[in-house]
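Participant: Mind docking chain W on chain G? Use the hints.
As they're listed, the protein sequences go chains G and W.
1 is the number of the first residue of the first sequence in the working numbering; add one for each residue after it.
1001 is the number of the first residue of the second sequence in the working numbering; add one for each residue after it.
Please keep in mind that the hints were generated in silico from the structure rather than gathered at the bench.
Just so you know, not all the hints are guaranteed correct.
DEER-style ranges, computed between Cβ atoms [as the list claims (entries may be wrong)]:
1) G:Thr227 <-> W:Pro1168: 26 to 36 Å
2) W:Ala1169 <-> G:Arg307: 23 to 33 Å
3) G:Gly78 <-> W:Arg1026: 34 to 44 Å
4) W:Leu1010 <-> G:His311: 35 to 45 Å
5) G:Gln544 <-> W:Ala1129: 33 to 43 Å
Cβ coordinates follow ideal geometry from the N, Cα and C atoms, glycine included.
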Amino acid sequence: MNFPTRAHYRSQKSEIRGQPARANRQFHFFCPLPSVLCPLIFVFCFLTSGCFRHEPAADLVIINGAEPESLDPAIVTGVPEMRITKALFDGLTKLDARTARPVPALADRWEISPDRRVYTFHLRINAVWSTGEPITTADVVWSWLRALDPATASDYAGQLFYIQGAEDYYNRKIKDPAQVGIHALDAHSMRVELNQPLAFFLDLCACPVLAVVPRQAIEKYGDRWLTSHPLPTSGAFQLGAWRINDKVRLIRNPRYWDTAQTASEIIDVLPVGSPNTALNLYETGVADIVWDKDLVPAELLDVLVKRPDFHGFDYLGTYFFRFNVTRPPFNDPRVRRAFALATDRSRLIKKLVTSGEKPAFHFVPDGVANYNPPDGLSFDSEQGRKLLAEAGFPDGRGFPRQQYAFPAAAGGAAKMQGKIAVELQQMWRDALGVDIELRQIERKIFYGAQSRLDYDISGSSWIGDYNDANTFLDLFTSASGNNRTGWKNARYDDLIHQANMQTDLKQRAKLFRQAENILVAEEMPIVPLYFFEGFNYFDPKKIQGIHQNILDEHPLQYIRRVSPKSEIRNPKQAHNPKSEANNTSEAFRISSFGIPSGFGFPTLTHALP
Amino acid sequence: MHFLKRLAMLVPLLLVISTLAFALVRVAPGGPFDRERQPASPEIERAMKAKYHLDEPAWRQYLRFLGDLAHGDLGPSLKYRNHTVNDIIAQALPVSMTLGALAFCFALGVGIPVGFIAAARRGKWQDHAGNLFAVLTVCIPGLVVAPLLILLFALHWRLLPVALWCSPAHAILPTVALGLFFSGKIARLMREGMLNTMQAEFITAARAKGLGENSVLLKHAFRLAVLPVVSYSGPMLADLLTGSFVIENIFQIPGLGMFFVNSTLNRDYTMTVGLTLLYAALLILLNLLVDLAYVLLDPRVKYE
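One chain only, chain G, in its complex shape (with noise of 0.2 Å):
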């Protein structure tokens, strides 16, 4: 190496003396970048990167996700954002701690019409601002047009269109607020007029978009209002600090309506990202609770699913993949039937998805309320031959080269997608003797491609934004920004149309799976592939008020420790017979060192005592 000369190759103007002896020339022995500087930066960070902040300890530590969006809850779209800003704002309605039903909430009673298209909701008396004011209709008013301002920018928006004249509101066709079907009667009741017999209306009423937010914050703080300071809340929590990447603090709101159920003081909401860090946090007994099944290790959720503390629940999504139904040959029926019977969605799960996800051979979840799927195609190889054949691919001849596309996952369950698209090769290559291309995409590219039909087959997912089967079958209609097949039946439509305009909740379901048939066993434009199980993991000794029900829904109001916070656990403990009962005799002892996902190397010791 030569003397470095960086400095003067950069500038002409230097000059070199040789003049070695200088060296003696009184000198700092460390050099000056760092002595100067460092003490300068630390003192600064230390002083603002809040690594000595002194805050009393939370009741109940939870691990829910990336970190939020958004806290606003016309804007949150994820569900890790929606848990949190249910604890803030309440709506009309919430849903059940148990059995996500809707309950009343901010609205004590409610009145339907005959002909379910109006609501005469009546709000709570008691029913106050954290700071103190009333909260009156005027409120529920306020903030149902906010949403439905396109200022706001709400994602969710498209959840008043129910409502009358909101779509022509928000499309600035009516200027006026009044021709909107929502009117105060007077301090304590409100009118909704609906464009059609909604049966789910009162689920809706517990989404976040319909939640009553507080006007004199918004109007005074714009999008910052969230970090305003008193913010009034109308939920059982009040925010009580929001640090990026940090944590989310919520103190209970003593003026809550029903203040009494609430079991935590302050509970802090923890964003993590990495599923083993996650699960880290929750073996040394920081966090109580961890509830996103992208937080479950992938390499570990065979052996973590068999413990006691790890709960799973038949969730509301479905994994499927989706045909575009413009181009050949996937605008055949009989080709995309032909795929849909080569396709073994039990050798798929055994092999693939461990943690008691049911195969789906319809679209809509089972157990949505009020309804009862069809049965869709069922695994028939032969059948699907012939159907190629019939199509003019005998044995696959000719069949031109098509890709299967899924999206690129950093890790967690989402990786699965890849494997399942291994999968899905191999099994039509058995089958229907075709050769599909894979092609992994980065997730927006993906999402942008799939919106513009540019796949053949790709694959997808969907969660139910309320328990209802409108949710998932809404998706297929022509006009649905979410249809991403390009297909369009005009039967289809009107079947959901129909449906939904039913006030007979047993017609509207036969109806519905009408719909459905024509969806998962006559066109298939979409082949579902397996239902979504969720998790959480939690000590059920310790923690109380968790129920699972297909909404994932757990009010953090509700949910209370029973122990006081432990000490980090022992983990000779899970060593000694004696504090481990006998019938979980697997000392689970887990070293991992399978590290594509990249992050962590968990040792697990299973230390329940």
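Facilitator: What follows is chain W alone, placed relative to chain G:
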């Protein structure tokens, strides 16, 4: 004068960088609002784009961006819609800087002595041990080191917390995990520097004067031998201060590193551009400091 001129160059340079970043994020396919679920009507999507002026022609967006930038406003984040990019930097940068400064001190504190001793005892066991240390730390990425450290210190011996950022004890493992790689690099640079310097004539002259070996090494050789380390410190410090994606993800540290990577994946245009600007500004400033340090350290370098 020279330094003032270079400081003045900072502004046009940052302008060029921001223009490039502004253009590049928009050239990338996919947009901030491309998601698995589209809004119920195209009107809603239009309204969302309109709110953030993404429906305007690119030149209008650029002028708007420059106007805001002149006021020091990097705009609202398109992913974290309740925060502005300024808010996020203000919250996350101090954390990343604390961790980065700690790791920097760790890297220098370990790397310089190791390299120095290895060179001073060239060919002896200290040299081999030093080389082994340097090779190992440079070759094994943080992705592996951090989980190993957690496995041993946090899960097995239960000495330190596994993750989070709430007390000085929480900073120890991430500091080591982040600093180890750089300490190896510095050890190698330091050793090379020492070996080169010791062949120089002025060292022979110093020895000829009858100075003791310690004095020769510490007072005469060290000062020139540390120059490669100083050169490297600038970019290294910029790298460290702006956070590390891997380390912050593993230890769940609320720093900037995660935003660097995720903002591009999320097509969070404003955030990507803002962070690129921040990184560029830090890099330029720290390189300037490195050159200042040269003047202090190397008597042969002088700027007019």
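Participant: All hints, please: hold or fail.
Facilitator: Right, here's what the structure says about each hint:
no. : hint                               : verdict
1   : G:Thr227 <-> W:Pro1168: 26 to 36 Å : holds, 27 Å
2   : W:Ala1169 <-> G:Arg307: 23 to 33 Å : holds, 29 Å
3   : G:Gly78 <-> W:Arg1026: 34 to 44 Å  : violated, 25 Å
4   : W:Leu1010 <-> G:His311: 35 to 45 Å : violated, 56 Å
5   : G:Gln544 <-> W:Ala1129: 33 to 43 Å : violated, 56 Å
The earlier numbered hints that this structure contradicts are 3, 4 and 5.
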